[in-house]
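Visitor: Model the full assembly from the supplied sequences, consistent with the hints where possible.
Protein chains in written order, with UniProt numbering: chain W, 1 to 325; chain H, 1 to 326.
Simulated from the structure, these hints should not be mistaken for lab results. Bear in mind that the values here come from a model prediction, so they are computed numbers and not experimental data. Any given hint could turn out to be false.
Said to hold, decoys possible - Just the calculated beta-carbon pair ranges, DEER-fashion: (1) V38/H to A185/W: 28 to 38 Å; (2) P200/W to V4/H: 34 to 44 Å; (3) A89/H to E227/W: 34 to 44 Å; (4) A311/W to L305/H: 43 to 53 Å; (5) A322/W to L305/H: 35 to 45 Å; (6) Q129/H to K261/W: 50 to 60 Å; (7) E201/H to T133/W: 46 to 56 Å; (8) V38/H to A196/W: 21 to 31 Å; (9) T35/W to Q129/H: 36 to 46 Å; (10) Q266/H to A311/W: 23 to 33 Å; (11) V38/H to G319/W: 30 to 40 Å.
Every residue, glycine too, gets a C-beta built ideally from N, C-alpha and C.
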Amino acid sequence: MDAGALLDRYERMDVIRRTEKAAHDLFLQGLVKGTTHLAAGQEAIAVGASAALRPDDYVFATYRGHHHALARGATPEECLAELMSRATGLCGAKGGSMHLTKAATGMLGSYAIVGSHLPMAVGAAWSARLRGTEQLVVAFFGDGATNIGAFHESLNLAAVWRLPVLFVCENNLYMEYTPIADVTAVPRPAADRAPAHGIPGEVVDGNDVVAVEEAVGRLARRARAGEGPAVLEAETYRHFGHSRADPAAYRPAEEVERWLKHDPLDLARGHLAELGVGAETVAEADERARAVVERAVEAAKAAPPPDPREALTDVWADGGAAWRT
Amino acid sequence: MADVITYRDAVAEGIAREMRRDASVVCLGEDIAAAGGVFKTTTGLLKEFGPERVWDTPISEQAIVGAAMGAAMTGMRPVAEIMFSDFLACCWDYLANEIPKVRYMTGGQVTVPLVVRTANGGGLGFGAQHSQATENWALTVPGLKIAAPATPADVIGMLAAAIRSDDPVVFFEHKGLFATKGPPPPPGHVVELGRAAVVREGDDITLVALASMVPLALKAADVLAGEGIEAEVVDLRCLVPLDAATVLASLRKTSRLVTVEENPYQGGWGATVVSVVADEGFGLLDAPVRRVAGECVPLPFADTLEQQVIPTVDKVVTEVRRLAAY
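Guide: And the structure:
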């Protein structure tokens with residue numbers, strides 16, 4: 001990857017990190033209700049994978065999906081407005097943090113039932129094949145999702161139908177509060193299961209945006225060529241707990257320290273330095289990211305709440321909610 | 001086309017008509033392709049449309065309905081079969097949490113034009129896990145349209161409407177009706193979802209029924225006519241949208257109401273119908289409303305036991321006599 005491309009990936013990750021920080025702060029200020037599942041620390045997977053995709057490809061994500069929405073075309077302003085229950089939110093404030101969706105850019109949703117979106121991704125890939133579009137579908141999911149039935153149903157169906165779908169596992173070591181290794185019989189919860197379904201399973205450093213983009217690009221070419229699905233297990237770590245309710249006190253200090261030193265932004269800065277990009281250039285990218293997110297926060301704060309009448313719209317395709325005559 | 005068509009053949013005919021007019025209609029399900037479906041409701045589709053439009057799946061109900069959802073979100077009109085309606089429980093996340101909510105929670109960004117077809121109901125001695133009338137399960141979820149035809153012509157007409165619908169539809173085909181026959185509808189026949197049919201006119205009492213309960217209610221009405229009680233029979237056809245207007249209009253004539261439901265009494269659709277009537281048509285009533293419904297037990301195997309717990313002609317007749325005398 002050349003310096004220009006890497007700087008672009010870095011700045012995208014930087015915007016996501018700062019947006020996550022803003023979400024965290026706004027929650028503490030009482031401006032974000034419900035909960036948030038922050039992806040700080042996992043930015044390289046979203047940015048690396050998205051950079052390897054075409055504009056018309058589809059992605060499906062989980063309740064921890066801020067980074068995927070942002071990487072896939074949603075703006076910080078739209079996302080923060082959604083979290084803050086504003087009319088200008090990505091989903092008109094009907095979705096919230098766990099359901100960020102921007103269909104127009106191929107971000108086909110964030111789903112809060114663990115693993116539920118995996119069959120949907122298979123179906124979207126099936127649709128791409130039926131329509132002859134060579135579109136690819138990427139399903140992002142956590143390590144915890146690998147123990148639900150739909151994960152295995154999805155891998156099998158995608159394999160037997162040889163569909164263009166990539167299953168990208170963000171293995172952040174914890175299934176909510178419990179170490180995934182404590183509840184899973186194989187060491188690589190996603191990659192180790194893939195061969196049982198006739199699918200290649202690979203492991204990548206999920207904090208290295210260059211490695212992620214390379215791996216997704218390679219598996220994407222394979223899938224588009226009709227060679228079927230693949231599993232990519234990206235090793236990563238979340239900086240925060242599972243959700244706002246979780247201080248993550250169960251994580252060993254040494255483990256946290258080790259992973260914080262393996263931060264995606266730091267890694268990218270290292271790569272940039274190796275490519276001869278000066279600290280000043282990186283600082284300019286930081287400044288642009290800071291300004292974008294700061295403006296987003298102010299714009300979202302200034303936006304109005306949704307019209308209460310919107311509660312009774314959008315159930316049906318006619319825009320309404322009528323269930324009877 | 002023949003003078004009559006079975007309900008079973010009407011399913012395949014209804015799907016075929018839509019597949020001919022719209023290339024985005026595709027089918028998936030267990031044993032639906034070469035085998036033609038375990039109830040032979042998809043016979044001939046593979047031969048006419050080929051394996052790129054008629055797909056056999058593994059026994060993976062979550063993948064079937066989840067994949068149908070993903071395909072529907074991206075430009076196709078999938079028709080997914082879940083073999084027995086009892087098995088809807090295996091993919092209940094998709095019916096309860098995913099398909100009906102995605103349009104709403106994305107602020108209208110995503111539309112899910114799919115049909116989930118399934119063989120519903122008892123009366124055939126299939127035992128507790130292959131006999132339930134489960135349309136009430138879907139009724140509890142905002143965002144699903146629910147169709148349950150009673151005649152071959154309605155199967156074809158309502159399948160057309162369901163497949164063309166931009167909203168998700170759960171389509172309950174009744175196992176007990178598959179062998180029944182009726183006139184085939186003309187080309188282009190469409191029965192709009194949410195339009196009930198008055199299938200027998202009468203002035204004395206309104207019987208509201210669905211799917212296999214419609215012919216049962218008609219038989220009961222014949223018995224009652226011999227006693228001088230003229231029952232009007234309303235075939236609801238759909239639970240969502242619910243044609244409450246037709247029920248209320250019938251009550252203006254008859255002033256007495258009995259719902260006939262195969263599902264268990266507890267939480268049955270009849271409760272919704274009578275609550276609407278109590279709310280908006282109380283003044284029309286000259287007698288209490290009654291619900292003939294299934295008992296709140298799992299469906300037993302033996303015929304003599306099954307008949308004890310699902311509605312029968314005798315049970316309906318008995319209930320109507322009591323109300324007529326009120």
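Visitor: Does each hint hold? Answer for all of them.
Guide: Here is how each hint holds up against the structure:
| no. | hint | verdict |
| --- | --- | --- |
| 1 | V38/H to A185/W: 28 to 38 Å | holds (35 Å) |
| 2 | P200/W to V4/H: 34 to 44 Å | violated (54 Å) |
| 3 | A89/H to E227/W: 34 to 44 Å | holds (36 Å) |
| 4 | A311/W to L305/H: 43 to 53 Å | holds (47 Å) |
| 5 | A322/W to L305/H: 35 to 45 Å | holds (41 Å) |
| 6 | Q129/H to K261/W: 50 to 60 Å | holds (55 Å) |
| 7 | E201/H to T133/W: 46 to 56 Å | holds (53 Å) |
| 8 | V38/H to A196/W: 21 to 31 Å | holds (28 Å) |
| 9 | T35/W to Q129/H: 36 to 46 Å | holds (38 Å) |
| 10 | Q266/H to A311/W: 23 to 33 Å | holds (29 Å) |
| 11 | V38/H to G319/W: 30 to 40 Å | holds (39 Å) |
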